[in-house]
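Engineer: Listed in order, the protein sequences are those of chains F and V. Here the first sequence stands for residues 1 to 167, where the numbers follow the UniProt record's numbering. Here the second sequence stands for residues 1 to 505, where the numbers follow the UniProt record's numbering.
To be clear, the hints were calculated from the coordinates, so they are not data collected in a lab. All C-beta atoms in this analysis are idealised placements derived from N, C-alpha and C, irrespective of residue type, glycine included. Please note that a few of the clues may not be correct.
[Claimed, not checked] Covered stretches of chain F (in silico footprint by chain V; criterion: 3 or more residues with CB under 8 Å from a CB of chain V, positions within the stretch not fixed):
1. 62 to 71
2. 150 to 159
[To be verified] Pulled from the structure, derived: some chain F residues nowhere near chain V, Cβ distances all over 10 Å:
3. Arg-6
4. Ser-7
5. Cys-20
6. Ser-74
7. Arg-75
8. Arg-128
9. Gly-137
10. Gly-165
11. Ile-166
This is what each chain is made of:
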Amino acid sequence: MSTNERSLISRFAMEVVTGCIALLAGIVVVLGALEYEIGWDEAGPQPGYFPFYVGLIIIVASLGVLVQGFLNRSRTTGEAFLTREGFKRVMAFFLPLAAFTAGSYVLGLYVGTFVYLAGVMIFQGGYRWPFALTVAGGITVFFFVLFERWFQVPLLKGPLEAFLGIY
Amino acid sequence: MDNIASLMHGFSVALTMHHVLLMMLGVLLGILVGVLPGLGAPNGVTLLMPLTFSMDPISAIILLTSMYWGALFGGSTTSILFNIPGEPSSVATTFDGHPMAKQGRATEALTYAFLSAGFGALAGVVLITLLSGWVAKFALRFSSPEFFAVYFLAFASFIGLGGASPFKTVISIMLGFAFTAVGMDTVSGNVRLTYGFDELLRGISFLVAVIGLFGIGELLLTMEEGLRFEGVKARVSPRKVFETLLTLPRYWVTLLRSALIGCWMGITPGGPTAASFMSYGLAKRFARRPEGFGQGREEGVIAPETADHAAGSSAILPMLALGIPGSATAAVMMGGLMIWGLTPGPMLFIEQKDFVWGLIASMYLGNVVAVVLVLATVPLFASILRVPFAIIGPLILVICVSGAYTVDSAAFDLWMVLIFGVLGYVFKKLDYPIAPMVLAMVLGDKAEDAFRQSVIMSGGDLSVFWSNSLVSSIMSLGILLLAWPLLTRIFRLLRPGRSTGTTTA
Chain F
1 MSTNERSLIS RFAMEVVTGC IALLAGIVVV LGALEYEIGW DEAGPQPGYF
51 PFYVGLIIIV ASLGVLVQGF LNRSRTTGEA FLTREGFKRV MAFFLPLAAF
101 TAGSYVLGLY VGTFVYLAGV MIFQGGYRWP FALTVAGGIT VFFFVLFERW
151 FQVPLLKGPL EAFLGIY
Chain V
1 MDNIASLMHG FSVALTMHHV LLMMLGVLLG ILVGVLPGLG APNGVTLLMP
51 LTFSMDPISA IILLTSMYWG ALFGGSTTSI LFNIPGEPSS VATTFDGHPM
101 AKQGRATEAL TYAFLSAGFG ALAGVVLITL LSGWVAKFAL RFSSPEFFAV
151 YFLAFASFIG LGGASPFKTV ISIMLGFAFT AVGMDTVSGN VRLTYGFDEL
201 LRGISFLVAV IGLFGIGELL LTMEEGLRFE GVKARVSPRK VFETLLTLPR
251 YWVTLLRSAL IGCWMGITPG GPTAASFMSY GLAKRFARRP EGFGQGREEG
301 VIAPETADHA AGSSAILPML ALGIPGSATA AVMMGGLMIW GLTPGPMLFI
351 EQKDFVWGLI ASMYLGNVVA VVLVLATVPL FASILRVPFA IIGPLILVIC
401 VSGAYTVDSA AFDLWMVLIF GVLGYVFKKL DYPIAPMVLA MVLGDKAEDA
451 FRQSVIMSGG DLSVFWSNSL VSSIMSLGIL LLAWPLLTRI FRLLRPGRST
501 GTTTA
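Construct the complete structure from the given sequences, taking the supplied hints into account.
Structural biologist: Right, here's the structure in full:
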């Protein structure tokens, strides 16, 4: 890793955060398992048995990760998990992705796809409006034919399709 | 020779026009997903899976396995031409493959890569042909405790031999188990770990998880590195290919050694990625002239490619015979088998002869088809990467998200993909292994069932896992592997002279 790029989050911090999240996940699993009997009856282990121990092992292992993280501290504090540049690039991809997911959830996947592709091409790719809209429209129509007609696997649809009456 | 007769029968099943066409389609789709960054074999196969639900199992598995071969080939193409591994397992191919391409020997590098990959794959298939009948017969002696012991061994070997921090591997596996426990419990009929969310009643689909972990996670990583395709032009002339072919036998030692490593890593769940690195490392160590590696040595391409494909194809053997997949992609395919209504394991060889031998026969054919097709289409697929990433990146993403939706037609899965994508990204960056989690998600229910059935059989006595020599030797081997990281550490403490570590697999 090059050291000239400014580090945003150190690897050490991220190891600790991830270890804590794993710990939390383990606790959540154990709590979920405790909604049922975790012991044994005449039919063998009860429903909570397996998840309970799975959760317990996650807790132990995440403590292990945390201890290891602190032991390696001197090496990993200097190491960048994410640089400022890297963060910008990831977010430039992730934020539209999150918007695409949220939009598709409400408007359906076809509308979401069209808006997302066109938006990314115009605002990030620097393409002209007519070109971007044509490409995005073409791909969306192709997907529609591909999934709905050829594969016969319907995708998620929203209000627009309902309004147009195509499903 | 029972197996040969069965294989001939298999050829009669696989060699129909319909199947050969599916094979070619699968290979082409596979090369496509292999070439595109962010789409690889595991999630390529996953994306295609919902389309196979309505097919008959033989056609479906031929389509999916052909896609697997294609993806492995596609991954090496981008490694050599663009220095961008299309697949994690073709990272080692970039070391010498790309330098060769830059020196104007792209055709040579590609030909070596494809031919040695074909050789490795065939070695794997021959191994399957010879061993599968025997392994299945052996596995027929298994009952629930033995099956649990084998699952245990598989996961223990990830922990013991995986190379990552054992704690991280454990977390990855156990999270996988926890994810499969969500939803209906198959034994008691209770609904577990849903925390009152109706959306979780269906459980968490491993297909959705794979698309998120491998697809979105990989894309995020690619974006962070600020991807730029600076490729080497590829013009594949048939004459050059033929000339290169004639020089291939010179490297027979490397070919054989790498094929052996690949087969071993494929059968034990080491997987193709570990196999290719290990093979590269050994080729370097045993080379008569050790200099020049990393600057375009032929062996540097041949060794990882052979091992990669040998591991990829031999991973099918434990999947069919024992119900334990040797790689992430094989895990996905095994999930498919179960969705199609087949039970992987020894009974498959008795009840579904057509399926098993048709598949094995198709693997011979599929790999030959793949070598020819990939050589013919390299320029075409290389040109795909010249499409600006502002178009192709979002397009891959849309395919991933749409594909995840088709798994269950559940809008909630759109969010699941996103969550698994972030998880995959963080895990990759912090060296948490992802393949064990996928394996745990596919095997979780089966492992739990096997455990519960065993203790029901024994009336709650855990010594059932040491009740006969077979199960106790498998369990002991598993425990040994589990303790392996600890043992090596103790050895090192006892010997303060500290020998240098071996290559990281």
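Engineer: For each hint, tell me whether it holds in the structure or not.
Structural biologist: Each hint tested on the structure:
| no. | hint | verdict |
| --- | --- | --- |
| 1 | 62 to 71 | holds (count 4) |
| 2 | 150 to 159 | holds (count 6) |
| 3 | Arg-6 | holds, 15 Å |
| 4 | Ser-7 | holds, 13 Å |
| 5 | Cys-20 | holds, 12 Å |
| 6 | Ser-74 | holds, 17 Å |
| 7 | Arg-75 | holds, 13 Å |
| 8 | Arg-128 | holds, 13 Å |
| 9 | Gly-137 | holds, 13 Å |
| 10 | Gly-165 | holds, 20 Å |
| 11 | Ile-166 | holds, 17 Å |
Checked against the numbered hints given earlier, this structure breaks none of them.
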